[in-house]
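In order, the protein sequences belong to chains A and B.
The first sequence begins at 70 in this note's numbering and counts up one residue at a time.
The second sequence begins at 3 in this note's numbering and counts up one residue at a time.
Keep in mind the hints are simulated off the structure, nothing from the lab.
This structure is a prediction, so every number in the text was calculated from the model and none was measured.
We put the CB at the ideal spot given by N, CA and C, even for glycine.
You may find that some hints are simply not true.
Simulated restraints on C-beta separations [as the list claims (entries may be wrong)]:
1. B:Leu189 / A:Phe321: 42 to 48 Å
2. A:Arg150 / B:Arg54: 48 to 54 Å
3. B:Arg63 / A:Phe811: 23 to 29 Å
4. A:Thr426 / B:Gln98: 44 to 50 Å
5. A:Ser114 / B:Lys108: 43 to 49 Å
Quick partial rundown of chain B residues pointing at chain A, CB under 8 Å, derived from the structure [as the list claims (entries may be wrong)]:
6. Leu41
7. Thr44
8. Phe45
9. Ile87
10. Thr90
11. Phe92
12. Asn96
13. Gln98
14. Leu189
15. Arg193
16. Asn197
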Amino acid sequence: MHPKVNINNPFGFLSRLCLFVSLYLFSFSNAWTEELSSFEKRELSRLLKMDWTELANQPVSGVLGYDQEHWRNPASIAIIRPDDIFDGGHLQLVDSFRGVGGMFVTRGNAYDDFVTMRNFSGSPTEKFLMLVDGREVLQPMGGTITWGTEEVPLAILDRAEIIRGPGASIWGTNAVSGVINVTTKPAESTQGNSVRLAIESTGTFLGELVHGGKIRDGEYYRVWVRDQEYAESDLLSGLPARDDGYGRKVGFRYDKNLGMDLDLTVAGAYSTRQFEHIFDLSYRLFYINNDPLNPFGLTPGSPPIIPIGNFPVAVQSILLATTNWPVSESSPYDSIGGVTRYQNFEELAQDAGHLRTRLTGVTGNDFEWSIDAFAEKYKTNLGHVGHQWERDEYNLEFRGNRPLGDRNHLAFGLGYRFMEFDVTEVVTSPWDFPVLDLVSLTPLSIPGSNSYPILNYKGPDSFQRFSAFVQDTFEVKEDFFVSFGSKFEDSDFSGTTLQPGVRASYSVNPDNLLWAAYSRAYRQASLVEKFTEVSYARFWDASNGIWINESFESDPTLDDEVMDAYEIGWRSSSSEKLLWELSLFYYDTQDAVFSGPPIYNAFDYTSVGGELTFNYIPNDFWELQGSYSYSKGEKEGVRQTDFPESMASLKSVIHAKDDLKFVQNLYFTGDRILPSAYNELPIDDYLRLDLGMIWQVGEGWRIGLFGQDLLDPDHPENMYTDLDVEPTRIERRFLLSISKEF
Amino acid sequence: MLSTSKAIRHFCLLALLLGNFIQSLSLEAKKENKHFSNLKATFIVNTLNYIRWHDKDLPLRQKHVEFLIVGDDKNNLAARLAYLIHSTEFKIKNFQLRVRQVSSLKEAQDQIGIDGKKVVLLLDSELSAWKKHNYPNIPGTLIMGESSKYLRKGLVLTFRKENNRLKLGVNLKKADAMNLQISSKLLALNRVVINESVH
């Protein structure tokens, strides 16, 4: 007879569970030294891939979660290496994130990619931090990352670490839903010439050239150029998306070894991008239905306002006579919401350059330190919204870490950031007609124009940020690490904040590791959200024969979004051939900013979910890698639908011969709804299949032939809601990629 | 309020957990961290790639060369080296390298350099037992020291931790004497300290 389990006494059950776990631990505690664990074998295999210099550069002890072994990390971490990008047939780093559990990657048009993590964002605003060689690349104006501007040639990429979950105690503000940390190789590792050429059946072209040389022992350099020419896509309606353009970039790096443990790096890059971007005008002009003369046979006051595009074409012509509105364009999407389609394309241009210097050293008492200095100039013209701005930025950072006794490793740092903005607002052509203020009924204008722009930045023109962090990694016992610390920041954006975090990892037995974390992270509202008035519509008051501006003000009092994040994970490797991990998270965010008429609003938002990932090598010639992620977001208790709750990926690599491999990638994305003021679009779930063949020709040359999105001719993925009229078609395509390694 | 039996049960559970915890602490206090051991083992195998043996110094009759790990291997270095050598199918010329753990120098002394036992790693436990004159005058014999404690002990290579990094000490004079050629590529690398123990 089986003993009864009293489910009404959960503590009794927990006691038994604890007892079981404890016995389990006890049973393994003496078996450690006999055999290497699967984790350790994997770690040795990882180290084996490094050359002598790389090994000599590895810290013997370091900060938990950042430079210790991957398997011991108390966080969900995925690492993308150059081969993952080439073998996946990805032209850009951001494309390769599709295979990372919890990451939601979509393409808007040829040059715009959207990335969100763990069901928290839903908008183009990325709520995570991205660094490239230590340089923050999140744009403070709109809170977004311009992915194309930050690309580097594949040959110089060392890795991209994707750390899901907040890492604010070290990384600082904006490391909310995660951190993407991109590092490039030292110049010494990129000696000689490397070329990468890729052409898509769509016409998109990519060319990369890197040259590295040695000046003398311990002194190396490299220079590189990258050019991506984007082909035009089709919109869902079949109309041309006018998204063709280019992104070009040049860069350099100089490394000098100043002593056995003293190194200097100077690097920089300049990039220029040129495209067009649409602004959807279809739902921007309205008729106030209070005209006593009732010219269009309407019942006055019912409905109170009517989109101009809802009137017959002849009536629209009369109403638009006093404006500078373009002529309407027809497409199948005209009927959505019953509004005629009006749109305006303007230039979208970005020029960015940066220079960085790093001095790193280790002193005799194992004190490692680095000093980084960054200078950056960024200039952009968001012509579609008439918003131009230049940003000059300077950063100075000091980081250090050292062991404290046998069991502690202390990391700490100080940072200073200064940014200066020069914002110019322009009234775009369609809006260039007289308009009155809603309250005062006086004409609105800006210097140099008789009308009013869509965006009107009213914020300060410079910002400072001071930061400091301290974190201790405490080795409680050999297989039990706790890391705790906090970041302190004082900035013009966010005031003074304290962002604590604690993480722990515990090897239950040689094959299983449990980890848990609590973090508090902050995301500062973007400058647009905080300081920019958005005029999103104009209303025709027929009684007075005037156009009235409708805008929503920014909110300088917007608090930082504050997230309390709880995570647990279980990593297991019962054999060298299998590694799997389960990560669960619960995010509780206060004051999450959501934009859109009528105002910027702050809501409480919760996100709960998890990811299951695995790596499996069934035999010598076959590798499998997969993930399933689930996440559910609720805004003020209401379930959100703009993020797919389920996603999955499966990658299979078959090494047919030493010089030939076949790669298959399957990506599943659950259904969701693209929100919009008037043309909300349900996006069905879709399954993407990519197949690739990579042939190692010899002498470092390899050729890859890929078919992408093979299962359907095209599907929509994303768009800037309320800016784009409709998404583009992500089409089935083929890619030829050729590269020569150093 | 807890009943007595429940309290005893909970106390036992707590004691078991604490016992497990304290036992682990005492067991593991003297060991170096696993990351260091993994790094050191990989560093050693990688370094061996830069050493050249002359054909005449390698065994004629055997198909393998033995790599002796000598001493109290509390960090399981032998298992790590064996795994790495097996994974890479490491060979010296055409001879497979095989790892064998020997618990003391006393036990290994008569074997070093003879019958293809050409590569030796002395662990720290054998420091007091090792004397320079223990180095056999048999060409092709490579003896390495696990840590900086073997500096100035007449070994060809020493691995040491300094400034939180692993560094390699090379005794070129001894290498020459043992008819071992060390790649100039290795000698040119940063974090290699040359001729540190020629005495």
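We went through each hint and held it up to the structure:
1. B:Leu189 / A:Phe321: 42 to 48 Å: Violated: the Cβ-Cβ distance is about 29 Å, outside 42 to 48 Å.
2. A:Arg150 / B:Arg54: 48 to 54 Å: 32 Å, violated
3. B:Arg63 / A:Phe811: 23 to 29 Å: 43 Å, violated
4. A:Thr426 / B:Gln98: 44 to 50 Å: 48 Å, holds
5. A:Ser114 / B:Lys108: 43 to 49 Å: 35 Å, violated
6. Leu41: Result: holds, 6 Å to nearest chain A Cβ.
7. Thr44: With a minimum Cβ separation of about 4 Å from chain A (threshold 8 Å), the hint on B:Thr44 holds.
8. Phe45: 5 Å, holds
9. Ile87: At 10 Å from the nearest chain A Cβ, B:Ile87 fails the 8 Å test, so the hint is violated.
10. Thr90: 7 Å, holds
11. Phe92: Violated, about 11 Å.
12. Asn96: This interface hint is violated because 20 Å lies over the 8 Å limit.
13. Gln98: 17 Å, violated
14. Leu189: Violated, about 11 Å.
15. Arg193: B:Arg193 check passes; min Cβ-Cβ to chain A is 4 Å, inside 8 Å.
16. Asn197: Nearest chain A Cβ about 15 Å off; hint violated.
In terms of the numbered hints stated before, the structure departs from hints 1, 2, 3, 5, 9, 11, 12, 13, 14 and 16, listed from lowest to highest.
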